[in-house]
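K.L.:
Based on the provided sequences and hints, a complete structural model is requested.
Letter by letter, the chains look like this.
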Amino acid sequence: MSMDMTMVPAALLPPQLMQTPALLTMTGLTRHYGEVRALLDVDVTVYPGEVLGIVGESGSGKSTLLRMMNLEDTPDRGEYRLRLPGREDGNLFALGRYERRMLCAHHIGIVYQNPHLGLLMRHSSSGNVAERLLIAGERSFEVLRSKARDALDASEFPLSRMDARPAELSGGMQQRVQLAKAIALEPALLLLDEPTTGLDVSVQALVLDTLKRLQRDRNITMVLVSHDLGVIRTMADRVLVMRHGAVVEQGLADQVFQDPQHPYTQQLVHAKV
Amino acid sequence: MSLATLTRPWAATSYGFLDASAKRELRRKMLKAIAVPGCQMPYASREVPMARGWGTGGLQVTLTLVNPRSTIKVIDQGADDGVNAASIRRFISRVSGATETWDTLAASIVQSRHRIPEETLREDQVLVLQVPNPEPLRGVEPNMSIARQMHADADYGRLWLTLYEQIVRKGRIMQGAAYPSLVNGRHVMTPSPIPRWDVPKLNMAKHLTFLSAGREKRLHAVPPYTRVEPLVFSDRPYRVEDHAELVCRRSGIAGYFMNEIPQDQGGSVFEVSDSNLGIKAIRQAGGESVEIGATWYEDGEYSA
Amino acid sequence: MTLNQHLPLLRVEGLGKTFRMYHLDSMLHAFEGISFDLHAGEFLLLKGRNGAGKSTLLRTLWRSYLPVTGHIWYRSRLGTIDLARAADVDIALLRRQEMGFVTQFLNARPRVAAQDIVAEPLRLAGHPAAEARDQARHWLGEFGVREELWRAYPSTFSGGEQQKVNLARALILPQRLLLLDEPTASLDVRARSALVRRLADLKAGGVAIIGVFHHPGDVTDLIDREIDLTTHPVSSHNELIHVAV
Numbered sequence: 001m002s003m004d005m006t007m008v009p010a011a012l013l014p015p016q017l018m019q020t021p022a023l024l025t026m027t028g029l030t031r032h033y034g035e036v037r038a039l040l041d042v043d044v045t046v047y048p049g050e051v052l053g054i055v056g057e058s059g060s061g062k063s064t065l066l067r068m069m070n071l072e073d074t075p076d077r078g079e080y081r082l083r084l085p086g087r088e089d090g091n092l093f094a095l096g097r098y099e100r101r102m103l104c105a106h107h108i109g110i111v112y113q114n115p116h117l118g119l120l121m122r123h124s125s126s127g128n129v130a131e132r133l134l135i136a137g138e139r140s141f142e143v144l145r146s147k148a149r150d151a152l153d154a155s156e157f158p159l160s161r162m163d164a165r166p167a168e169l170s171g172g173m174q175q176r177v178q179l180a181k182a183i184a185l186e187p188a189l190l191l192l193d194e195p196t197t198g199l200d201v202s203v204q205a206l207v208l209d210t211l212k213r214l215q216r217d218r219n220i221t222m223v224l225v226s227h228d229l230g231v232i233r234t235m236a237d238r239v240l241v242m243r244h245g246a247v248v249e250q251g252l253a254d255q256v257f258q259d260p261q262h263p264y265t266q267q268l269v270h271a272k273v
Numbered sequence: 001m002s003l004a005t006l007t008r009p010w011a012a013t014s015y016g017f018l019d020a021s022a023k024r025e026l027r028r029k030m031l032k033a034i035a036v037p038g039c040q041m042p043y044a045s046r047e048v049p050m051a052r053g054w055g056t057g058g059l060q061v062t063l064t065l066v067n068p069r070s071t072i073k074v075i076d077q078g079a080d081d082g083v084n085a086a087s088i089r090r091f092i093s094r095v096s097g098a099t100e101t102w103d104t105l106a107a108s109i110v111q112s113r114h115r116i117p118e119e120t121l122r123e124d125q126v127l128v129l130q131v132p133n134p135e136p137l138r139g140v141e142p143n144m145s146i147a148r149q150m151h152a153d154a155d156y157g158r159l160w161l162t163l164y165e166q167i168v169r170k171g172r173i174m175q176g177a178a179y180p181s182l183v184n185g186r187h188v189m190t191p192s193p194i195p196r197w198d199v200p201k202l203n204m205a206k207h208l209t210f211l212s213a214g215r216e217k218r219l220h221a222v223p224p225y226t227r228v229e230p231l232v233f234s235d236r237p238y239r240v241e242d243h244a245e246l247v248c249r250r251s252g253i254a255g256y257f258m259n260e261i262p263q264d265q266g267g268s269v270f271e272v273s274d275s276n277l278g279i280k281a282i283r284q285a286g287g288e289s290v291e292i293g294a295t296w297y298e299d300g301e302y303s304a
Numbered sequence: 001m002t003l004n005q006h007l008p009l010l011r012v013e014g015l016g017k018t019f020r021m022y023h024l025d026s027m028l029h030a031f032e033g034i035s036f037d038l039h040a041g042e043f044l045l046l047k048g049r050n051g052a053g054k055s056t057l058l059r060t061l062w063r064s065y066l067p068v069t070g071h072i073w074y075r076s077r078l079g080t081i082d083l084a085r086a087a088d089v090d091i092a093l094l095r096r097q098e099m100g101f102v103t104q105f106l107n108a109r110p111r112v113a114a115q116d117i118v119a120e121p122l123r124l125a126g127h128p129a130a131e132a133r134d135q136a137r138h139w140l141g142e143f144g145v146r147e148e149l150w151r152a153y154p155s156t157f158s159g160g161e162q163q164k165v166n167l168a169r170a171l172i173l174p175q176r177l178l179l180l181d182e183p184t185a186s187l188d189v190r191a192r193s194a195l196v197r198r199l200a201d202l203k204a205g206g207v208a209i210i211g212v213f214h215h216p217g218d219v220t221d222l223i224d225r226e227i228d229l230t231t232h233p234v235s236s237h238n239e240l241i242h243v244a245v
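Chains as they are written, first to last, in the numbering used here: chain A, 1 to 273; chain B, 1 to 304; chain C, 1 to 245.
Everything labelled a hint here was simulated from the structure, so no lab data went into it.
No experiment lies behind these values; they were computed from the predicted model shown.
Ideal placement from N, C-alpha and C gives every residue a C-beta, glycine not left out.
Hints may be right or wrong, so weigh each one.
Said to hold, decoys possible - Label pairs and their in silico Cβ distance ranges:
#1 C:206 to A:168: 58 to 68 angstroms
#2 A:14 to C:111: 34 to 44 angstroms
#3 A:122 to B:268: 33 to 43 angstroms
#4 C:138 to A:97: 54 to 64 angstroms
#5 B:268 to A:99: 53 to 63 angstroms
P.N.:
Set out below in structure tokens:
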């Protein structure tokens, strides 16, 4: 039997056993900023309850992709669908401003790398969480208080400091407040953009541990962007590898790290200790 | 040689002091304000013989509304005889030929700084409130463009957040006057620095209310029979000042909003803020036949 | 549990794995032409020298590695599927519900107690927390983990202790197909025999097992069949010596 030197595994089939439809489907995303190609024909699918890791270096397009998932940016071409309860299917990029905001507020949570982007630093931590509930129409002070407390507790934030301002807190605590804020309305989708980058290594481990526990307990669907392979390894079920705006490889997390197919992925994986 | 010999006596160049172009713009903005209750409409605030910050916004609206058959009442903190109220009233009358009055029941236009009279206003009356700062989001978002976008998006989360924080830190909502209120279920406005006591009077009122800021160059309106709901949490009900039990030392009437007058020996005495109501009560007690109208509050309770 | 004795649970046909390493501009042929059937309750041992590809074969079945040729027909509860080309989400589903893979390495999460790590597969399968924890404690005991450690965090344990926790967790919920990669590597004698006993139970209950064992002698009584893998040179295409029974 001859060995073809360019042999590659056959392309994977579409799902046959998985009966649950995908939660998130993005197709054909393309985005240019002038000459710069940020995204090129990117397809993404995320199933309910899974953690999708998106890994790549700066300029890979991973952050642009995440921003689009959060409806902060629209592509030049491409569609975005989320299967949400009580909502009709439709391309979310076509939504008007108000509907987009309401959809994000109710169904999508996001944790930014820089807590200043995600938090109101001058207000209290519990207030930051309460704001989400207020936007969703909650008007009972006691309910605001107790739901904020629950969300902060689930994020393993010390309740004795629930009224402290984020500006007074450490980086790890700030990320926990962001997390509490993101999960307060029990969104269908949680987006995380380099959530532990910049934190002390020991703090990183603790925050990731919280994320993992939360994900397991609540079966939250997550999309996690990071340039840090260790973080992706810890958290992700499936991985998307991005480079220069395109997806060069995707697969089960263990497979992408143990048997990377694409030369760039191999380089990425072998470069890290 | 004197100024009098060098100049001609002042004569109005147009009716009601403002020129036709100014009034036309104001009328259009006022109609627009009625069409979108509680939404701030910018206008080109004109020069009037009064400094900014002294009621020029209210004055411009009144000058636009006034006609020779109008009867105008002007109050400042409830009093008709304050210097500023008196000047404004006299000026309006002079440039329009309108009749001046102190009686709320007789007025067709009531211009006011920081109070709403106690006697209920009717469908044929217009209330014009002077507003120093029309933007309820100023404390939350100092950038005007962003604040404007927040109104457009009905994004009042941060405003609610400041109320939440007040309860967390101080145990209660600290907002005294100018309580932010939701108009027609859509726009949040500041009702001008009227006390909390007065805000319920705007809710589903029979009369039309304009709120105008001359220095900030914006006006908004509450049409008749429109909801005005102070922003409160469902489990922290709206509370007005504790004046239900207070008695006016000069007129003897009770259960209305009072001015507090601290005494040298300590303690305070109170006088009814709506001074013409107090005057009418005194005259009535003295035997004159004086008509006191229905009031929004009865026995210190809001009952309209 | 009724077993369909006629149809195999797993049918591997002509399975081959080659690694292409771009930075070295070379290929590594791990194995080729592997074919076998496996029925429920059967125990298949993979043999061969170090580097022969035993582990690689296991990982290819688990889909940590992508095969380049061949099929892995698996008869799941939801239907027959070729694991070699199945969608990622299908593999993820099967791994959660029907298949298990036991390595030497424990994925020790910080601040999760040993008994909770072991109980987790039961909880995820819907068992009540208290019952899951009791079972977990039983198995930790069986494998010889000292009781004081049951509430402790395995990230602080020795290699051997971690491996016991690993095994207890991996074997607590019977799967339909179980893959074992040198599970006895750092175990003491007591733990090894506990493992063998557990495997015997699982096998009797119908679990199909494929294993690579450091001491194949431990599991002699369980073995139904063997496959002997040998390395072949990178550039040679001839004479692939496989004994597939």
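K.L.:
Indicate, hint by hint, whether the structure satisfies it.
P.N.:
Hints versus structure:
no. : hint                               : in the structure
1   : C:206 to A:168: 58 to 68 angstroms : holds (59 angstroms)
2   : A:14 to C:111: 34 to 44 angstroms  : holds (39 angstroms)
3   : A:122 to B:268: 33 to 43 angstroms : holds (37 angstroms)
4   : C:138 to A:97: 54 to 64 angstroms  : holds (58 angstroms)
5   : B:268 to A:99: 53 to 63 angstroms  : holds (54 angstroms)
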